[in-house]
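Visitor: So the sequences go chain by chain: A and B. Reading the first sequence from the start, the letters are residues 129 to 427 in the working numbering. Reading the second sequence from the start, the letters are residues 129 to 427 in the working numbering.
Derived by calculation from the structure, the hints in this document are not laboratory data. Some clues are possibly wrong.
[Unchecked claim] Subject to a maximum C-alpha distance of 27 Å in a straight line, what follows is the list of computed DSSO-like cross-link-like pairs (lysine-lysine):
| id | chain 1 | residue 1 | chain 2 | residue 2 |
| --- | --- | --- | --- | --- |
| 1 | B | K371 | A | K325 |
| 2 | A | K395 | B | K325 |
| 3 | B | K281 | A | K395 |
| 4 | A | K308 | B | K308 |
| 5 | A | K325 | B | K311 |
| 6 | B | K197 | A | K325 |
| 7 | A | K308 | B | K325 |
| 8 | A | K308 | B | K311 |
| 9 | B | K205 | A | K205 |
| 10 | B | K205 | A | K325 |
| 11 | B | K308 | A | K140 |
| 12 | B | K395 | A | K205 |
| 13 | A | K312 | B | K371 |
| 14 | A | K395 | B | K308 |
| 15 | A | K311 | B | K311 |
| 16 | B | K395 | A | K311 |
| 17 | B | K311 | A | K395 |
2 protein chains.
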Amino acid sequence: MAYDAIETPFGKRDRIIGGSAVYVAYAASNFIKPINLISIIGNDFSDAEIEALEARGADMEGVERVPDKKSFFWSGKYHLDMNSRDTLVTDLNVLGDFNPSVPDHYQGSEFMMLGNLSPAVQIQVIEQMKTRPHLIAMDTMNFWMESAMDDLKRVLGMVDILLVNDSEARQLSGEFSILKAAKKIMQMGPKFLVIKKGEHGALLFHENEVFFAPALPLEDVFDTTGAGDTFAGGFMGHLAKTKDISFENMKTAIIVGSALASFCVEKFGPERLKEISHRDIQDRIQQFIQLVNFDFSLV
Amino acid sequence: MAYDAIETPFGKRDRIIGGSAVYVAYAASNFIKPINLISIIGNDFSDAEIEALEARGADMEGVERVPDKKSFFWSGKYHLDMNSRDTLVTDLNVLGDFNPSVPDHYQGSEFMMLGNLSPAVQIQVIEQMKTRPHLIAMDTMNFWMESAMDDLKRVLGMVDILLVNDSEARQLSGEFSILKAAKKIMQMGPKFLVIKKGEHGALLFHENEVFFAPALPLEDVFDTTGAGDTFAGGFMGHLAKTKDISFENMKTAIIVGSALASFCVEKFGPERLKEISHRDIQDRIQQFIQLVNFDFSLV
Chain A
129 MAYDAIETPF
139 GKRDRIIGGS
149 AVYVAYAASN
159 FIKPINLISI
169 IGNDFSDAEI
179 EALEARGADM
189 EGVERVPDKK
199 SFFWSGKYHL
209 DMNSRDTLVT
219 DLNVLGDFNP
229 SVPDHYQGSE
239 FMMLGNLSPA
249 VQIQVIEQMK
259 TRPHLIAMDT
269 MNFWMESAMD
279 DLKRVLGMVD
289 ILLVNDSEAR
299 QLSGEFSILK
309 AAKKIMQMGP
319 KFLVIKKGEH
329 GALLFHENEV
339 FFAPALPLED
349 VFDTTGAGDT
359 FAGGFMGHLA
369 KTKDISFENM
379 KTAIIVGSAL
389 ASFCVEKFGP
399 ERLKEISHRD
409 IQDRIQQFIQ
419 LVNFDFSLV
Chain B
129 MAYDAIETPF
139 GKRDRIIGGS
149 AVYVAYAASN
159 FIKPINLISI
169 IGNDFSDAEI
179 EALEARGADM
189 EGVERVPDKK
199 SFFWSGKYHL
209 DMNSRDTLVT
219 DLNVLGDFNP
229 SVPDHYQGSE
239 FMMLGNLSPA
249 VQIQVIEQMK
259 TRPHLIAMDT
269 MNFWMESAMD
279 DLKRVLGMVD
289 ILLVNDSEAR
299 QLSGEFSILK
309 AAKKIMQMGP
319 KFLVIKKGEH
329 GALLFHENEV
339 FFAPALPLED
349 VFDTTGAGDT
359 FAGGFMGHLA
369 KTKDISFENM
379 KTAIIVGSAL
389 ASFCVEKFGP
399 ERLKEISHRD
409 IQDRIQQFIQ
419 LVNFDFSLV
């Protein structure tokens, strides 16, 4: 959980809440409650934002509030294509001392999503669970491949699904071909792999199977901050709601995640995610079906 | 029709046949015969290559052979990602005087594909047809947008389908958003628009409808030369075979074109296209269906 300052070609926000946990919670809360958050915030974190998350079914007991420090802060500026961005500021603040503690009543949680943090912290959370969750998914990034590869390999061996973008998959595997990269990464532990390609969609891999879902073509992409986490939240939310972790249902979860991510980019930060209704989500999923649906019998 | 010298990270060929017409003919000949070619070649064009094309059902009467000049020659070098390439040499040779003449027995052709040449030449071919073909598709490129925009706008008003890549669509429309670009381009004339995104798939637009088909993820992409023309050949070949130009059947044609293009990139130039069988094509189309197929009822 964080504060972000975001500048895109279409405008800017000096201070808006963000962080993986916030996006995952907003997205997943459309499908399942409660969302048991584990994070750390500082004395600057808005009570109104906490209440808004609680109103969406987020449990805050696992969120530590540090009275004499500030929340993690990130500032970035996007280029015109919205696929690349420059990080201007990264203030770790409270995150430097993050030592997550899983509340007792979170025990028994069946679906766990580990946001992009140090692999050591991700391991700490997994190891505190007395019963292994039914499904553990994780995100990571290039930074941990360069600075904590041993820990990263260890956590990869403990999870079921890795969600990364295409450049991260290439760096992690040392393979340029996405298909070869996927095979290597699944040998590192995760039985399922999701490779996110932003506006170019997402691929789901499992054993020898591959599924592809496009991103919805949008007239305006306003701010892509949090889109990957929103995708993960929709993906895990659908799986947690249906309690079905078959490859077939994971395909559906990819579509649901893509639909949620397509809302995220329409406004700054999580603003759009706070507004959307179940009806909005259903309508957008129908648009996805239209986008890819064709009559096999004509082929 | 041309000779190409191609260098990729995986090898090189100093001299291999190429040109839009060659790729379109090899791809389309899997679905329909004859393929009435219109092109110009020089004294260096191999008889064996002509015979190989004729064996595939290509009619060569519309191909002018210039005795005292050489064929068009292009030389390029690809970067590791195979999405970008540097042109090293462009020798127009015979193409500088190309003044296409449509043979009498080509009259009545129902499906016309205009490869990427000067819009003035494309117009010349359309205007020689006594009966307008059932469907006219065209390709173009950035060069003509910069050097012959008036002619390009004129030919856009005469065709049914434009096939371009994403950067060309952006340049032609002046819009960064692919969706906005598509709307503007369809206002210029073509009722259908195909935007090719290479390894990221292709989009088909018509009125307010959009269809997306991914590219097949491949372990090795060897040489992308001619992949766009191969896509166009498969697309038009399927339409010509089925004689159905509904949006629904065009979706299928996009899948067929993508399948053909996925073969093209597996070897240098048109080498792989010369080898593949109907069975190979059917198998690959099944892979496409697997790649995008999901159970709508689970959503």
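Visitor: Tell me, in ascending order, the numbers of any earlier hints that this structure violates.
Guide: The structure breaks hints 1, 3, 4, 6, 8, 9, 12, 13 and 15; every other hint is satisfied.
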